[in-house]
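Taken in sequence, the protein lines are chains A and B. Going by the numbering used here, the first residue of the first sequence is number 4, and it counts up by one from there. Going by the numbering used here, the first residue of the second sequence is number 265, and it counts up by one from there.
It should be emphasised that the hints constitute simulated quantities derived from the structure, not laboratory data. Source: prediction; values computed, not measured. All residues carry an ideal CB built from backbone N, CA and C; glycine is no exception. It is possible that part of the hints are untrue.
What the hints assert, rightly or not - Take a look, some chain B residues computed to stay more than 10 Å from chain A by CB distance:
hint, residue
1, T409
2, D457
3, P461
4, S466
5, S541
6, H603
As the list claims (entries may be wrong) - Stretch by stretch, here's where chain A covers chain B in the computed footprint (C-beta under 8 Å, at least three residues):
hint, stretch
7, 288 to 302
8, 555 to 567
9, 619 to 632
Stated by the list, open to error - Straight-line distance between alpha carbons at most 16 Å, and here's what the computed EDC-like set of lysine to aspartate or glutamate pairs gives:
hint, chain 1, residue 1, chain 2, residue 2
10, A, K9, B, E388
11, A, K9, B, E271
12, A, K311, A, D120
13, A, K311, A, D254
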Amino acid sequence: MPVTTKLLPSADARMAVDALNSVLAAELGDAPLADRIAAGPDAGLWSTLSDGGWHLIGADSRSGGADFDLLDLTAVAELCGRWLICLPLMETILVNRWLAGRSAGAVAAGTYCLPADRSGRCLAPYGSWPGIVVVRADRGVAGDAASRPDEPGGATGTEDRFAPSLPMLTLPARETGWTDEAAADATALAAASAVGAAAAAMSKALAYAKQRVQFGKPIGQQQAIAHRLADMYTDLALARSAVCWATNDADGRVRGSAAAARLAQTVVDGAIQVHGGIGFTWEAGIHFYLRHVTVCQTIIRGCAALLK
Amino acid sequence: MLTSFDEKAMDFRHAVRDWLATAIPDEWRSFGGHMQSPEALRMRRDWDRRLYDGGYAGLTWPVEYGGRGLGVVEEAIFYEECALAAAPEGLGRIGRGLAGPIMMAFGSEEQRARYLQPILAGDEIWCEGLSEPEAGSDLASLRTTARPGQDGYRVSGSKIWTSYAHYAQYCLLLARTSDSAPRHHNLGLFIVDMRDPGVSLSPIRQLTGEADFNQTFLDDVPVAAAEVIGDASEGWKMVQYGLRSGGQGPTNALLRYLEVRRQLARARQCATECMSSDLTELEWLQTRAEILRIHILRVIEARASGLPEAGEAGIIKLVWSELEQQVMRFGFDLGCPVHEADWRFAYFRSHSVTIAGGTSEIQRNIISTRALSLPRSW
Numbered sequence: 004m005p006v007t008t009k010l011l012p013s014a015d016a017r018m019a020v021d022a023l024n025s026v027l028a029a030e031l032g033d034a035p036l037a038d039r040i041a042a043g044p045d046a047g048l049w050s051t052l053s054d055g056g057w058h059l060i061g062a063d064s065r066s067g068g069a070d071f072d073l074l075d076l077t078a079v080a081e082l083c084g085r086w087l088i089c090l091p092l093m094e095t096i097l098v099n100r101w102l103a104g105r106s107a108g109a110v111a112a113g114t115y116c117l118p119a120d121r122s123g124r125c126l127a128p129y130g131s132w133p134g135i136v137v138v139r140a141d142r143g144v145a146g147d148a149a150s151r152p153d154e155p156g157g158a159t160g161t162e163d164r165f166a167p168s169l170p171m172l173t174l175p176a177r178e179t180g181w182t183d184e185a186a187a188d189a190t191a192l193a194a195a196s197a198v199g200a201a202a203a204a205m206s207k208a209l210a211y212a213k214q215r216v217q218f219g220k221p222i223g224q225q226q227a228i229a230h231r232l233a234d235m236y237t238d239l240a241l242a243r244s245a246v247c248w249a250t251n252d253a254d255g256r257v258r259g260s261a262a263a264a265r266l267a268q269t270v271v272d273g274a275i276q277v278h279g280g281i282g283f284t285w286e287a288g289i290h291f292y293l294r295h296v297t298v299c300q301t302i303i304r305g306c307a308a309l310l311k
Numbered sequence: 265m266l267t268s269f270d271e272k273a274m275d276f277r278h279a280v281r282d283w284l285a286t287a288i289p290d291e292w293r294s295f296g297g298h299m300q301s302p303e304a305l306r307m308r309r310d311w312d313r314r315l316y317d318g319g320y321a322g323l324t325w326p327v328e329y330g331g332r333g334l335g336v337v338e339e340a341i342f343y344e345e346c347a348l349a350a351a352p353e354g355l356g357r358i359g360r361g362l363a364g365p366i367m368m369a370f371g372s373e374e375q376r377a378r379y380l381q382p383i384l385a386g387d388e389i390w391c392e393g394l395s396e397p398e399a400g401s402d403l404a405s406l407r408t409t410a411r412p413g414q415d416g417y418r419v420s421g422s423k424i425w426t427s428y429a430h431y432a433q434y435c436l437l438l439a440r441t442s443d444s445a446p447r448h449h450n451l452g453l454f455i456v457d458m459r460d461p462g463v464s465l466s467p468i469r470q471l472t473g474e475a476d477f478n479q480t481f482l483d484d485v486p487v488a489a490a491e492v493i494g495d496a497s498e499g500w501k502m503v504q505y506g507l508r509s510g511g512q513g514p515t516n517a518l519l520r521y522l523e524v525r526r527q528l529a530r531a532r533q534c535a536t537e538c539m540s541s542d543l544t545e546l547e548w549l550q551t552r553a554e555i556l557r558i559h560i561l562r563v564i565e566a567r568a569s570g571l572p573e574a575g576e577a578g579i580i581k582l583v584w585s586e587l588e589q590q591v592m593r594f595g596f597d598l599g600c601p602v603h604e605a606d607w608r609f610a611y612f613r614s615h616s617v618t619i620a621g622g623t624s625e626i627q628r629n630i631i632s633t634r635a636l637s638l639p640r641s642w
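Construct the complete structure from the given sequences, taking the supplied hints into account.
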């Protein structure tokens, strides 16, 4: 039994999250989510992040990283989920963590491929991103570069864009080369990303409840709404603790990640309800968070199959 | 082992464990009777004294008042080890956790000199006089009055849910001192001698049939001016401070988690050995219990590190109480014929946890106004 359970991200990780948040706020600002997503991935932001070395942050310091452990990285993943950045940043951070110290070196854009699911699909988040490399966790080898549909001999699979913030490319069945540690990394980060999306949906619902007036007062002044929001806040806080559990022990990897995503989903459901009619319009954009959370669950289920 | 912090904390844990191994009397270990029986009360009283002699009575109290000056981490470890070792629960909880901390912060030098040491030593038992029959969730509307008279006050009214009132020498009592001052600035905090002839008790029988609580009646009870704590119009502020600082929020939750975990283990036994029930719901309850454990530890760690994440402490009472209640309902609903009586009792008793110490509805009000800054609806 470990003597020390790590419960909170390090001071360095908290500083990094603040810094990254400033970068994202400056680039993404407060543009309406639906408009931003319709405009497609933000190439300028991707260059900014690459230039800033953010894609290496999960590696050790000799490889240009910050020596962050998994709990520290979940704080970064939560932030990315919160902003729905629509860029393969967490995937690249993750595979560069696996590649650190290996001869192949870091990649500018990387991802992983989940093991075949029950329908035989092998899914890779952001698998069709230009120039992305699908990395095997066990070998840490930057092989398999020719897995994009636009390349000769590349995958012929289709891309599932159900969640614009987490597109999933179907690749031909393959050996995916997972280790338990790698699966634990991927599942915890997916859970944290789901929690981030839920936190953003919660913030929007809260702001809406303070601003939307019915019966002559803000709807958030009705206990029915206030208590629903209190429950969402509670579930969100527990979801964060579930992510922490996922980073701490073998039992938590599967149960903690799945629970975090389940709680996150409940929070987003609540956010849609609090928004009332506007909540189920496309333009209000709350559904993008729900899409993100549900696809995070696909990743978590894929990793759970590896860890059982 | 549930909490595990750093090496220093581990050393403390081992010291506590070693001490408990010899401090818990054999007669307590083999005792199977009721917690309110005379033998149990004698052993519980002795336990307060043993805590004091062992140096564990005032863990988080400052050294200058006879405490150890330790933090929330050691407090959590201590109570966790006590729970795991099935140590007795003394009678000094209100004194050590509420009256003492309030007196240290707001009391006079004379009050500190007179009352703190006997609280630590277990020589004097305290109860709290806060809730009233007409002032439950709306505590600040209480009606017990303290009228100024010659050299002090005369207190009249009644208090409810007064645990330990049978054995207490003193009551920390909140009473109205003004009919005209604004709400929250019209209450005083008094040290009331429970042996005064104007104090009488009537036990309250609960839905389980037990009687742990009392209604306390105060009929023109004199309180000397020297027995008023701090400003006689700022009792509300002092009680809020006391409930926050000495209320053992995360530590108490950790003990409830241990109880939930014990009940879940029993439920699993009933579900698999006595019955052959579907385990889906049980597993979700167990998952939630483990998340609660991590959450409590995170809150403790954040407090110990002075981080703002400690704000998520506000959800803890709501979470453990609702979970505990759901677990008991689940255990009862299994319909296990072998353990029917146990589950009936546990299920019936669990109805109190979402009410006592602030109802779930009040907890949600607190979260929505304090954590979420929503406008009050009341």
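To see whether the hints hold, each was checked on the structure:
Here T409 (chain B) stays apart from chain A, with its beta-carbon at least about 31 Å from theirs, past the 10 Å limit. With a minimum CB-CB distance of about 41 Å to chain A, D457 (chain B) clears the 10 Å threshold, and the non-interface call stands. With a minimum CB-CB distance of about 45 Å to chain A, P461 (chain B) clears the 10 Å threshold, and the non-interface call stands. Annotated as non-interface, S466 (chain B) keeps its C-beta farther than 10 Å from every C-beta of chain A; the closest such distance is 34 Å.
No Cβ of chain A comes within 10 Å of the Cβ of S541 (chain B); the nearest lies about 20 Å off, and the non-interface call holds. Residue-level check passed: H603 (chain B) sits 26 Å from the nearest beta carbon of chain A, beyond 10 Å. Restraint check on the stretch 288 to 302 of chain B versus chain A: 0 residues with Cβ-Cβ distances below 8 Å, three needed, restraint violated. Counting residues of the stretch 555 to 567 of chain B whose C-beta lies closer than 8 Å to any C-beta of chain A gives 8; at least three are required, and the coverage claim holds.
Given as covered by chain A, the stretch 619 to 632 of chain B passes the check, having 6 residues with a CB less than 8 Å from a CB of that chain where 3 are the minimum. Between K9 (chain A) and E388 (chain B) the CA atoms are separated by roughly 41 Å; this puts the pair beyond 16 Å, and the hint is violated. The hinted pair formed by K9 (chain A) and E271 (chain B) meets the criterion: a straight-line CA distance of about 13 Å does not exceed 16 Å. About 14 Å separates the Cα atoms of K311 (chain A) and D120 (chain A), which keeps this hinted pair within 16 Å; it holds.
Taken as a hint, the K311 (chain A) and D254 (chain A) pair is honoured in the structure, with Cα atoms around 10 Å apart against an allowance of 16 Å.
Of the hints listed earlier, those the structure fails to meet are numbers 7, 10, in rising order.
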